[in-house]
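A.B. asks: In case you want the letters, here they are:
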Amino acid sequence: MSQAFTKEMARNIFYGGTAFFFLLFVALTFDTHLELPKRDNRQVLDPSTELGQKIAQGKMLWEENNCLGCHTLLGEGAYYAPELGNVYVRFNNSKDAIKGFIKSRPADGVPGRRSMPQFNFSDEELDAIAEFLKYASGIDTADWPPNVQG
Amino acid sequence: MKYESQRVAMPYFVAAIVLFVAQILFGLIMGLQYVVGDFLFPEIPFNVARMVHTNTLIVWLLMGFMGAAYYLIPEECETELHSPKLALIMFWVFFVAAGLTVAGYLLVPYARLAEMTGNAIWPTMGREFLEQPTITKIGIVVVALAFLYNLGMTVLKGRKTVVSLVLMMGLIGLAVFFLFAFYNPTNLVKDKFWWWWTVHLWVEGVWELILGSILAFVLIKVTGVDREIIEKWLYIIIAMVLITGIIGTGHHYYWIGTPEYWQWWGSIFSALEPIPFFMMTVFAFNMVNKRRRNHPNKAATLWALGCAVMAFLGAGVWGFLHTLAPVNYYTHGTQITAAHGHLAFYGAYVMIVLAIISYAVPILRGREANGEKAQVIEMWSFWLMTVSMVFLTLFLTAAGILQVYLQRYSDTPLAFMATQDKIELFYWLRFLAGVIFLGGLVAYVYSFFVPGEKKASDMGPVEKRAADTDGSPAAASA
Ligand code: HEM
Ligand code: HEM
Ligand SMILES: [Fe+2]
Chain A
1 MSQAFTKEMA RNIFYGGTAF FFLLFVALTF DTHLELPKRD NRQVLDPSTE
51 LGQKIAQGKM LWEENNCLGC HTLLGEGAYY APELGNVYVR FNNSKDAIKG
101 FIKSRPADGV PGRRSMPQFN FSDEELDAIA EFLKYASGID TADWPPNVQG
Chain B
1 MKYESQRVAM PYFVAAIVLF VAQILFGLIM GLQYVVGDFL FPEIPFNVAR
51 MVHTNTLIVW LLMGFMGAAY YLIPEECETE LHSPKLALIM FWVFFVAAGL
101 TVAGYLLVPY ARLAEMTGNA IWPTMGREFL EQPTITKIGI VVVALAFLYN
151 LGMTVLKGRK TVVSLVLMMG LIGLAVFFLF AFYNPTNLVK DKFWWWWTVH
201 LWVEGVWELI LGSILAFVLI KVTGVDREII EKWLYIIIAM VLITGIIGTG
251 HHYYWIGTPE YWQWWGSIFS ALEPIPFFMM TVFAFNMVNK RRRNHPNKAA
301 TLWALGCAVM AFLGAGVWGF LHTLAPVNYY THGTQITAAH GHLAFYGAYV
351 MIVLAIISYA VPILRGREAN GEKAQVIEMW SFWLMTVSMV FLTLFLTAAG
401 ILQVYLQRYS DTPLAFMATQ DKIELFYWLR FLAGVIFLGG LVAYVYSFFV
451 PGEKKASDMG PVEKRAADTD GSPAAASA
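Chains A and B, in that order, give the protein sequences.
If you count the first sequence from 1, position 131 lands on 131 in the numbering used here, and the numbers rise without skipping.
If you count the second sequence from 1, position 346 lands on 346 in the numbering used here, and the numbers rise without skipping.
Fair warning: there could be bad hints in the mix.
[Unchecked claim] Computed list of lysine to any residue pairs in SDA-like fashion (alpha-carbon distance at most 20 Å, straight line):
1) K7(A) <-> I229(B)
2) K38(A) <-> L148(B)
3) K190(B) <-> D46(A)
4) K160(B) <-> N12(A)
5) K298(B) <-> K85(B)
6) K7(A) <-> P109(B)
7) K54(A) <-> K298(B)
8) K137(B) <-> L68(A)
9) K85(B) <-> V102(B)
10) K103(A) <-> P109(B)
11) K160(B) <-> L148(B)
12) K137(B) <-> V176(B)
13) K373(B) <-> F448(B)
14) K137(B) <-> E64(A)
15) K7(A) <-> M169(B)
16) K422(B) <-> V110(A)
17) K54(A) <-> E228(B)
18) K7(A) <-> E43(B)
19) K422(B) <-> P82(A)
20) K99(A) <-> L68(A)
21) K38(A) <-> K190(B)
22) K190(B) <-> L68(A)
23) K373(B) <-> K290(B)
24) K54(A) <-> E124(A)
25) K190(B) <-> A142(A)
26) K103(A) <-> F41(B)
27) K190(B) <-> P37(A)
28) K95(A) <-> Q43(A)
29) K137(B) <-> F180(B)
30) K290(B) <-> K38(A)
31) K190(B) <-> V44(A)
32) K298(B) <-> T281(B)
33) K85(B) <-> K157(B)
34) K137(B) <-> K160(B)
35) K422(B) <-> N147(A)
36) K190(B) <-> E35(A)
37) K38(A) <-> T186(B)
38) K103(A) <-> E228(B)
For the record, the hints were derived by calculation from the structure and aren't laboratory data.
Could you put together the complete structure from these sequences and hints?
C.D. replies: Take a look at the structure:
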């Protein structure tokens, strides 16, 4: 680089640029949180309701069984098994179909095929997970995924 | 080695390589599970193998960064490390915690591990890359604080250079942004939004400061180019990193329930993120061309140049490939993502850690460079690993393009599993590339056991003259 462009100038661009764009990012973050109530389906999350508690439990079960280690949820996670952000829609808006699927996984898997483990959830836990997935499918994701297959 | 306390870097480097081997073995297990679905089922389900694969990756890179810092900071600051003892204690704390966590993943079901470690009290588990039990996360914070304290005291009492300053900023940023791992609300959109403050602001933010400073250090050492020039480059590179990369976080906010204006912010700024990677490549080649010495450690120079090129390919080119919102709409969460993740992590972070190991370990073992034979084997491992990683990436990219077409783009979309069956061939090829990668890794490990060192008499006159450069004009022309 030419001599006219000094190290001090480069340093100032670094500090100034970083500060400016970080502050801009914080401002956008702030605005995002103002906009979120319109999109994130939070009305079902109210912890004073039974439904809200169920969804919270469902999310905890989702995490404590590391479902994201095989599946994606809104496109994030692992790519070994289907997207589940829209599974409620894919299963014809049926919680029972979701519960039935999870419940019916053979403990030893399907020979030669990718298989989902049998988690031995109670009926109450199954319901919590299904409610959580139903909640996820109600988030406004700007029309993603492109079709119901996820 | 100029300062006795630089020795504490050694256990960190050894542990990094051990965990690297573990990472790759579990990668291969998963690679096979992709095509032989019931392989090791239900003993090691895919999600368990994946946690081991990604978590050992992150921990060994952190080990590598820490080793690099313990080696580099005393030399840059021209003083002994504040407390070598603290550094060694923290090494064992970190290594044992990592070992216990991996053992936990493998020996008990994940839900049981969550229960045993009290996840319900402060739930942070079960999110990608952040699967560690909450107490392990707290342990990481403790280790990071002790580490930063130790280095900070060293920097304060010694010479202050741009390289050490940038490294410190990167490491402090690493610790600060990890704190978002402790925030896990029930609201899925908020959970995801803040999760990226750790993950994206790490790999496309503060980690690039660490990458830049280690690269600058190695280049100063192997080329003997004037520090002033290298430091100017370093500043301008990291300026571009943060100017583009911070708002670039928006490329993860397209489809997770966040406002749609992120499609603009994210696309525009992340499309500029390849610039600093490109500058790194130009920088590295420029410095090597302008070198004022021929360092006997050819392997280290090769890793440094390779790192700059592959980081540009993996992060810059493969990142750009799917970063514009209209493209990402189709590729989001497919094998394209996995392809990019592999080449970017390998090119940028694996290779920079291997570069500093390659430079520092011979010196820590009392020689300026390894003997001819060891270096040749190391360079073979460079080519085996790098070329096989490029092929692994190409196969995943092919799988990804087909997946997008069959499942998301065609008029008659197939279901996920039906699509997977159709692209099986590419998963077999990916597995094959992985086996060759393992071969390269075996050669790499073997190269440490090849005896012999480069004697001073083997060096040419230019090499001898500048054998101990510090990048200052006086040292090189003396
Ligand atoms: C033998 C070589 C390797 C094989 C066979 C392999 C295989 C895999 C597989 C199957 C996955 C899971 C993909 C999914 O979720 O469906 C994965 C994830 C991952 N691997 Fe590897 N891997 C290998 C080497 C590496 C190396 C060397 C690195 C680091 C540079 C790496 C970094 C990662 C990362 C970051 C992820 C998460 C990717 C994402 O979430 O997009 N792997 N690997
Ligand atoms: C060394 C730097 C980088 C590393 C280590 C890296 C690694 C990764 C990884 C592991 C993921 C997958 C995350 C997940 O599991 O959900 C990812 C996603 C992504 N990366 Fe990077 N990346 C880097 C730089 C870049 C750059 C410079 C760009 C853009 C030019 C980029 C664009 C993207 C995009 C768009 C995604 C989201 C993919 C999706 O929608 O599924 N990355 N990156
Ligand atoms: Fe990113």
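A.B. asks: Now look at each hint and say whether the structure bears it out.
C.D. replies: A quick look at each hint next to the structure:
no. : hint                : in the structure
1   : K7(A) <-> I229(B)   : 8 Å, holds
2   : K38(A) <-> L148(B)  : 42 Å, violated
3   : K190(B) <-> D46(A)  : 15 Å, holds
4   : K160(B) <-> N12(A)  : 18 Å, holds
5   : K298(B) <-> K85(B)  : 33 Å, violated
6   : K7(A) <-> P109(B)   : 54 Å, violated
7   : K54(A) <-> K298(B)  : 61 Å, violated
8   : K137(B) <-> L68(A)  : 19 Å, holds
9   : K85(B) <-> V102(B)  : 26 Å, violated
10  : K103(A) <-> P109(B) : 18 Å, holds
11  : K160(B) <-> L148(B) : 16 Å, holds
12  : K137(B) <-> V176(B) : 13 Å, holds
13  : K373(B) <-> F448(B) : 11 Å, holds
14  : K137(B) <-> E64(A)  : 16 Å, holds
15  : K7(A) <-> M169(B)   : 18 Å, holds
16  : K422(B) <-> V110(A) : 19 Å, holds
17  : K54(A) <-> E228(B)  : 61 Å, violated
18  : K7(A) <-> E43(B)    : 57 Å, violated
19  : K422(B) <-> P82(A)  : 15 Å, holds
20  : K99(A) <-> L68(A)   : 17 Å, holds
21  : K38(A) <-> K190(B)  : 13 Å, holds
22  : K190(B) <-> L68(A)  : 17 Å, holds
23  : K373(B) <-> K290(B) : 27 Å, violated
24  : K54(A) <-> E124(A)  : 9 Å, holds
25  : K190(B) <-> A142(A) : 16 Å, holds
26  : K103(A) <-> F41(B)  : 18 Å, holds
27  : K190(B) <-> P37(A)  : 11 Å, holds
28  : K95(A) <-> Q43(A)   : 19 Å, holds
29  : K137(B) <-> F180(B) : 11 Å, holds
30  : K290(B) <-> K38(A)  : 57 Å, violated
31  : K190(B) <-> V44(A)  : 15 Å, holds
32  : K298(B) <-> T281(B) : 18 Å, holds
33  : K85(B) <-> K157(B)  : 18 Å, holds
34  : K137(B) <-> K160(B) : 31 Å, violated
35  : K422(B) <-> N147(A) : 19 Å, holds
36  : K190(B) <-> E35(A)  : 12 Å, holds
37  : K38(A) <-> T186(B)  : 17 Å, holds
38  : K103(A) <-> E228(B) : 65 Å, violated
Of the hints listed earlier, those the structure fails to meet are numbers 2, 5, 6, 7, 9, 17, 18, 23, 30, 34 and 38, in rising order.
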